[in-house]
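A.B. asks: Below are the chains, spelled out letter by letter.
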Amino acid sequence: MKIYESAVKKPITTLMVFVAFFVVGLYSLSRLAIDYFPEIEFPAITVLTVYPGANSENIEQNITKPLEEQLNSLNNLKKLTSRSSDNISVITVEFVYGSNLDEAANDIRNILDRVTPLLPDGVDRPTILKFSTSQMPILFYAVTADKNYDGLGKILEEKVINQLNRIDGVASVFAIGTPQRAVYVEFDPNALNTYGITLDQIGNVLKAENLKLPIGSVKTNDLEYKISLESEFKSSEQIKNITIAFQGGKIIRLEDISVVRDTLKDRTTIERINSGKGIRMLVIKQSGSNTVEVADKVKKELERVKPTLPSDIQIETIFDTSKNITGAINNLSETILYALLFVTLVVMIFLGRWRPSFIVLTVIPISLVSGLIYLFISGNSLNIITLSAITIAIGMVVDDAIVVLENIIKHLERGSTRREAAIYGTNEVWVAVIATTVVIVAVFMPLTLLGGFSGALFKSFGWIVSITIVVSTITAISFTPMASSVLLKSKAFQTNGDKKSLWDKSFGATFDKLDQRYKKSLQFVLRHKISTMLVAFVFFVISVLLLSKVGADFLPQPDQSMLSAKIELQTGTKVEKTEETMKKIEVILHKLFKEDVVAHAINAGASDQASFISAFSANASNIMQVMVRFRDLDVRKRSVFDMADELRTVLDTMPEVIKYDISFSSAMGGMGSNTIDVKVFGYNLDQTSAYAQDLARKLKEIKGTKDINLNQESEKPELKIFLNREKLSQMGLNSAMVGATLRNYITGMTATKLKEEGKEYDVILRLNQDIRNDIGLFKNISFRTPTGGRVYLKDIADIQIIGSPPIIFHENKQRVVTISVKPQGRALASVAKDIEALVAKNTPPAGADVVVGGAYQEQQESFSDLILLMLVASILVYLTMAAQFESFVMPIIIMAALPFAFSGVFYALYLTGTSLSVNALLGMFMLIGIAVKNSIILVDFTNLLRDRGMALFDALVEAGRSRLRPILMTALTTILGMLPLAFSTGEGSEQWAPIGISVIGGLIFSTILSLIVVPVAYYLLIRAGSRRKRRLKLKSEFHFLDKVLPETKNS
Amino acid sequence: MKAVLIIHNKAVNEQILYILEKLEIKGFTKWDTVYGQGYKGEPRMGTHTWPEENSATLCVVDDSRVEALKNALAFLDNANEEVGIKAFIWEANYLF
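Protein chains in written order, with numbering that gives the first Met the number 0: chain A, 0 to 1050; chain B, 0 to 95.
Just so you know, these hints were derived from the structure itself, not from any lab. Wrong hints could be hidden among the right ones.
Computed list of chain A residues with no C-beta within reach of chain B, every gap over 12 Å [said to hold, decoys possible]:
1) Ile241
2) Gly248
3) Lys249
4) Ile256
5) Val437
6) Lys593
Here's a subset of chain B near chain A, in silico, CB distances under 10 Å, partners left out [as the list claims (entries may be wrong)]:
7) Asn8
8) Lys9
9) Ala10
10) Val11
11) Asn12
12) Glu41
13) Gly45
14) Thr46
15) His47
16) Thr48
17) Glu51
18) Leu75
19) Glu81
Chain A regions said to be covered by chain B (calculated; three or more residues, Cβ under 8 Å) [claimed, not checked]:
20) 415 to 423
21) 941 to 947
No residue lacks a Cβ here, since even glycine has one placed at the ideal position from N, Cα and C.
Model the full structure from these sequences, guided by the hints.
C.D. replies: Encoded structure:
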């Protein structure tokens, strides 16, 4: 028994099956994670290593280089990049897509275990970090405090961070820039020397006096006592009174030779929040948990703990990804509702009756739910890609049901009973319905094979469309006949059969007129087939020419109501000096954007902590990172892009600002980047920097370039100490001893820890500030020699001020200087072309090598991937159709509509000023399926009519006339289904509007043209009577029988 | 007794059975799917070109019922010409 037969005969079973399916779908919906993008695990691992006090060259030579040498042997390695700056080495290991990152992380751990012992003393153990979109912070808070600022770290830790960390789904909560307490013991080295005491000695005394030691136990008659020594420091006051030495009957206390300060640790970074002192707090969710849900919980918990905080502590949101997500998702959901409404209207208008419309429309929720079930099973989230796939599917899923239903109605009108009409009507068309579905699936399935970045984005897209379309077909040949057999009425014997309904008089009459008009035009073009093709060809050529005017971009940038800017001052600028500019910028922000500014956070300086958070910080004392959150898009008049331009104009006038870079995405790095990178490789940084600077100047003259950024800064001055070895050896010293002592003097030596209320604070020994911050006094530092003598630094060393590069970048172990350029008002690809030409004209210095890459490169890769896939899809379509029509020519006729679908896209992009992005390409991709479907309907029916004996010309005209309505109807459902997508302006719409625009443009064109071009192409390529001839040829095998048969008209 | 062969579009299967039942024609033989072509109307071949199919019902009826059966079939046929019902009649004798 066929599926539709069983369905009709067991309506209750069928209904239950679909209800169950629907319930499973709703359950899936309730369990789906909601996110902005599909989870993309960027196949990279970062190794962070901290060496406090080291400069960039030091870091490069002693840490980055040895690590890189070893890491280079990793499996599946794609790219090795590094950044060696003051204090910290950041190595990023990028793997080929699809590599197992856990395995890779283990390999890296093994390598690090082997290499770490070889690194200099004082280097912290390297930290391994994995980056994935799921590990981006979901919430960023600005915390400000007034009188409680000093204790802010502790208060937050106790009252906020611990609470938030307990929330299910939260991976970690970081506070950046919290003031930390430390006890400084500061000396005058010359005073030390007078007493003949070394820093090491003091350190050892402090260590020895700060002790908690289990002694053992004693047993009395009945009891056993544990004995322990309690000699820990209770407070910093105690430290002051520690006896260091006993000289000449005199006790020397720490106080006598040093200043003990219980204070805040020196800051290498400055955090300013909303024009005041503050810190940033960020929340990272666990991978796979629902961003929106976790963010809601965090926000709720935060509201709960807020009253327990001192009144001067304010917590404000800087960004909240869940808000962007809910905004975008709500927006898309609205779009889905509009699409549903439009599709309903189209179905009602074309079918003109309530019940059939209702039956057709029930297919929509059933098929869409299958998309949700797929998402749930595959562990994907509800995001803008999967939701737009669902939106797009709405217009397409009704097509099959319409075809089936129309045939059922035809039989009902002939007087069949409902059940018979349903079974019999479906039987006639089910093979054809499945065939068109195969074509659509042939187009969308290749998308699921896409690799790389665009693959991660569009895999789920391909699956959802394929699955929903297949389910819609299954529904159309099971649920639809079942519902028809129950809901429709048999027409033939009704008494009011001749009475015309309102629909018949209005829309029905209009359609009849349209049919007639189209028939006449079709007859006209078929008589002028060559000129028709010429006109169409000209149309096509114009569109291709227009394409060169349409820009190409990788991914459109969304307006997420936030802006971040990296602003650089003169290299070497003290962080305190940078703070002054920070204050200026705060004033500017308020002056420029007034009430649009909700919150802002600015930080500067290089953190000496190796952690995830260093990725969100400025990393040099002269660089500041500005984050501004604006009001929501609907209450704001200016877009963040316009605001950024205003900010740029002001920054350009500030003499202290050397350069700046403005970006718009809350998720940092990779994803939203839209730059062209010119990379200059070469060991000699002086040469490559000079060349790059020259190139950067010339780049400014290229039209449409903006935010030209050189990652290699000008040199910053450094004090270099050159020791005189001869003198050293005479004194019984060596470089290591001098080096270690100086390091302890300047960076400080963490001698021990002060414990208070379960918290540990560093006790740091170092020179007093006056000497550390004065080069003259610094030179007069004296050392104790092993022989007991005393020697001044200036006597054994030559101290010079020499410039050195502040940051050294590597790519694949080679030193590199990168110039990044943002295109503005011009397409990425064409700017890149000009840049390549410029590079070709300027030969790099000897030993250097120049490569142009960046988002441009990724765009090229993605575009060529998608274009290749389009080709694959077209070939698949050709194959399926050649098989279906058992002909080589028919698929060509059918696909004649394709170029016009594409030219429709080009016109639409040109007219709306949209650039050709990956999303627009995706739209074109879909057109292959949708446009072909229209032509199939037309060609198939023409063939049918010819097989029934109609002459070619008449068959073409008649097929066109009778298929006009189904074609218009399916095209209109798809076009109107996407209309809300194309014209939505809300949050996130920048991302999907191009899909809508390209599909609508392409479909309008291809529908109109396929109604004209396809019949003409058919008429041109197929000779009249060819089908009859083929039949006659088959019959010729039986001509031997003619001898015994009488002559008739037929022979 | 007369043998009546009714060839009709599948779409009216149930109506034909209803007529037979009402006329108390209890014995009949039915071929669910038959293909063929008439002198007028469309061929019923069950193919992509001619997708429709016919059924055939053979029954042997009392002479007294023939007129009623003919009227009913004619009425059904007239209701919609596209359905197409043909009936043939011949003399039938009971063998055992």
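A.B. asks: Does the nearest C-beta of chain A fall within a distance shorter than 10 Å of the C-beta of leucine 75 of chain B?
C.D. replies: 7 Å, holds
A.B. asks: Can you take a look at whether the segment 941 to 947 of chain A is actually covered by chain B? Rule is 3+ residues, C-beta closer than 8 Å.
C.D. replies: This one holds; 3 residues, not fewer than the three required, reach chain B with a Cβ under 8 Å.
A.B. asks: With a cut-off of 10 Å, does the beta carbon of glutamate 81 of chain B approach a beta carbon of chain A closely enough for the hint to hold?
C.D. replies: 5 Å, holds
A.B. asks: The output says isoleucine 241 of chain A does not contact chain B. Does that hold with a beta carbon cutoff of 12 Å?
C.D. replies: Isoleucine 241 of chain A clear of chain B: closest Cβ-Cβ about 101 Å, beyond 12 Å.
A.B. asks: Given threonine 48 of chain B was flagged as interface, is its beta-carbon under 10 Å from a beta-carbon of chain A?
C.D. replies: It holds, given that the least Cβ distance between threonine 48 of chain B and chain A is near 4 Å, below 10 Å.
A.B. asks: Min Cβ distance, alanine 10 of chain B to chain A: is it shorter than 10 Å?
C.D. replies: 4 Å, holds
A.B. asks: Does glutamate 51 of chain B hold up as a contact with chain A if the rule is Cβ-Cβ below 10 Å?
C.D. replies: 7 Å, holds
A.B. asks: Between the segment 415 to 423 of chain A and chain B, are there enough contacts, at least three residues with CB-CB distance under 8 Å, for the coverage claim to hold?
C.D. replies: holds (count 6)
A.B. asks: Should the hint that valine 11 of chain B touches chain A count as held when the rule is a Cβ pair under 10 Å?
C.D. replies: 6 Å, holds
A.B. asks: For the hint on asparagine 8 of chain B, does the least C-beta distance to chain A fall short of 10 Å?
C.D. replies: 7 Å, holds
A.B. asks: At a threshold of 10 Å, is the proposed contact between asparagine 12 of chain B and chain A supported by beta-carbon distances?
C.D. replies: Interface hint status for asparagine 12 of chain B: holds (6 Å vs cutoff 10 Å).
A.B. asks: Over 12 Å from every CB of chain B: does valine 437 of chain A meet that, or does the non-interface label fail?
C.D. replies: 15 Å, holds
Checked against the numbered hints above, the structure violates none of them.
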